Structure formats: structure tokens, C-alpha cells
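Visitor: Sequence:
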Amino acid sequence: MKVVIALGGNAFNKPGEPINQDTHLKNIEAAAKIIQRIVQEGHQVVVTHGNGPQVGYFAELQRDSQAFKLDAINALTQGLLGYLIVSALDKALGRGRSVALVTRVEVDCSDPAFKTPTKYIGPIYSEEEAKKLGIMYGWQFKQDPRGGWRRVVPSPTPLRIVEIDIIKRLADAGYVVVAAGGGGIPVCENTGIEGVVDKDLASSLLAIEWKADLLIILTDVDGVYLNFKKPSQRKLDAVRVDELEKYYAEGHFPPGSMGPKVLAAINFIRNGGKRAAIGALEEGYEVFKGVRGTQIIP
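Taken in order, the sequence shown gives residues 1 to 298; the numbers are from the UniProt record's numbering.
Since the hints were derived computationally from the structure, they do not count as laboratory data. Treat the hints with care, since some could be wrong.
Claimed, not checked - List time: in silico PhoX-like cross-link candidates among lysine-lysine, alpha-carbon distance up to 20 Å:
no. : residue 1 : residue 2
1   : Lys289    : Lys33
2   : Lys274    : Lys168
3   : Lys91     : Lys33
4   : Lys2      : Lys289
5   : Lys211    : Lys168
6   : Lys2      : Lys14
7   : Lys289    : Lys235
8   : Lys142    : Lys131
9   : Lys33     : Lys2
10  : Lys2      : Lys274
11  : Lys26     : Lys91
12  : Lys289    : Lys274
13  : Lys2      : Lys168
14  : Lys211    : Lys2
15  : Lys142    : Lys115
16  : Lys274    : Lys211
17  : Lys246    : Lys235
18  : Lys132    : Lys142
19  : Lys33     : Lys14
Claimed, not checked - Ranges between beta-carbon positions, derived for each pair:
no. : residue 1 : residue 2 : range
20  : Glu29     : Pro145    : 24 to 30 Å
21  : Ile166    : Glu60     : 30 to 36 Å
22  : Lys132    : Lys211    : 46 to 52 Å
23  : Lys33     : Glu128    : 40 to 46 Å
24  : Pro15     : Pro231    : 19 to 25 Å
25  : Glu194    : Tyr247    : 31 to 37 Å
26  : Gly251    : Arg97     : 39 to 45 Å
27  : Pro15     : Tyr247    : 23 to 29 Å
Bear in mind the structure is a predicted one, so any value in this text is a computation, not a measurement. Think of the CB as a built atom: it goes at the ideal place given N, C-alpha and C, for glycine as much as any other residue.
Produce the complete structure using the sequences and hints provided.
Guide: What follows is the structure in C-alpha cells.
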């Protein structure tokens, strides 16, 4: 079976933890053990990952100079996080079984997203800090549904995975491929542009183009909820795509958190995927097996 596993930011850096190498290496080992079990059962695996905290971190390090734009910072974090994932997989599977590929994603140069930034990057600030940074650097901030204020940047819709043929060849040759990190580097007309592609939408596109059987999105909640964090909240354990699409249209899933994950699952199933699943990283193997998380079927 062909499986795409999309790792959320908590695979590297949990809320409140420092952004450093030791923390990242410790956290990624849990994800590597999940991937190990799936690979050892004979499945082909492509791993994608988020990079919001890391992109924000490096953007802040150079905020006075603005020396590199977001496309270059995305490439930097793909290399860094890909290296950490492959290092963890070397321990789990043996050296030489995995490879990290810096990946570009084609977008439309005239995508309306460039005029309406929505993608959260970087740390959480107080409202006062956010206003100050906005004035100093021209950054835009929005209130994060999970609390506080975060910088937002354009998030254009991914149209094509540029390196998809290479990904297919590596996967067919038996490698665990780490690709499309942070949604991939957004390019239009072969030029990198200022923006961050949503990791889940890019993962779904990769899964569609690879003709994967299963898309797993692992995050910091144990599934998809209706009326999340309200007294009437209800977890969806198993749901058909038609029903999930209806809930999405009704606005149950905020665009800054669960919305892209649900849309990614819908897109995957609508384009031939057999099953999509959204669940907690800690329960990743059980989510793969279909006994935890939210399971989305045709």
C-alpha cells in the first residue's frame, strides 16, 4: 500500500518548548517509530511535514536585514527538518533506507491569496507585541484560534509537485522519501515567491499525484470535531466524504487550524484516494490502522 504521512509541527516542537536541535531530535523519534512500524509491514511511505515554527524562527533571526525571502527560508527548513527526520529513520530502519528531497510546488502567480495572508508562521505574541512588530517590519498578524497573535503570510493553492517524478522513482526503489516539507517551496514561472503553501494541501496533492492509497495527517488533536471546544463538541470517528464536505461548507473547521486538514482529506478522497485519516501524532500507528482518529472514506 502507498501511504503519505503528513507530520504536524508538534512532531518537532511542542507548545512551550524551545526551538533547538535537541528538542527536535527528541520529538521526531516518536514519529520515526510510527513510520518504522508501517514500513516494516511492507508499505511504501512518503513523509511530509510542517515547518511553521521553524520558518517563523529563521525569519525572525534576520528580520532587521530581511536578507532572505520566505521561499529561501522554506528551502532552508526543508533541508534542516529533512535531515533530522532521516537521522531518526536511520536509527529506526537502518542507514540508507530514507532520503530527504528539497521540493518545489507550482502555484498561480495571480493567486488571490497573495492579497489576503492567512498562513500562520512563527511564535505566539501578545496583541501589544504583534502591533509593535507590525509597525516595525510591515508584518501582518492575526489572532490564532489556539491563543495569542501570530504572523500571517500568503498561502497560495498548490497546483503541481515539481519533483513528483523523482519522488515516485525513489519510493518505487524502496526508499522512505521525505518531501514537500512545509508545503514545498512555492514557485511560479520557475521563480520562488514570497509565501508558504499549506502543508496539508500540498501533502494531499502529492498523494493524488503519486496515486497513494492512504493519506494520514498527524497533528496535536485526536481527530476532527464538530463545534470544537464548545459544550456541544462531537468527535467524528468515521465519516463519509459527502458528510464531511457538508460540515466543511457549514464552517465547522477554522481556516487557520483544522480547515486545511479537512479540505486536504476531501480533495484526496475526491481524486481517487481510498482512505484519509486525521489524528494525534502519539496515536499515529493506530490512526494508520483505522482504530483511532477520524477516518474519512468515499
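Visitor: Compare the structure with each hint and give your call.
Guide: Each hint tested on the structure:
no., hint, verdict
1, Lys289 with Lys33, "15 Å, holds"
2, Lys274 with Lys168, "19 Å, holds"
3, Lys91 with Lys33, "9 Å, holds"
4, Lys2 with Lys289, "14 Å, holds"
5, Lys211 with Lys168, "10 Å, holds"
6, Lys2 with Lys14, "28 Å, violated"
7, Lys289 with Lys235, "18 Å, holds"
8, Lys142 with Lys131, "10 Å, holds"
9, Lys33 with Lys2, "18 Å, holds"
10, Lys2 with Lys274, "10 Å, holds"
11, Lys26 with Lys91, "12 Å, holds"
12, Lys289 with Lys274, "13 Å, holds"
13, Lys2 with Lys168, "11 Å, holds"
14, Lys211 with Lys2, "8 Å, holds"
15, Lys142 with Lys115, "15 Å, holds"
16, Lys274 with Lys211, "10 Å, holds"
17, Lys246 with Lys235, "15 Å, holds"
18, Lys132 with Lys142, "13 Å, holds"
19, Lys33 with Lys14, "18 Å, holds"
20, Glu29 with Pro145: 24 to 30 Å, "29 Å, holds"
21, Ile166 with Glu60: 30 to 36 Å, "32 Å, holds"
22, Lys132 with Lys211: 46 to 52 Å, "48 Å, holds"
23, Lys33 with Glu128: 40 to 46 Å, "42 Å, holds"
24, Pro15 with Pro231: 19 to 25 Å, "24 Å, holds"
25, Glu194 with Tyr247: 31 to 37 Å, "33 Å, holds"
26, Gly251 with Arg97: 39 to 45 Å, "43 Å, holds"
27, Pro15 with Tyr247: 23 to 29 Å, "26 Å, holds"
Of the numbered hints given earlier, the model fails hint 6 alone.
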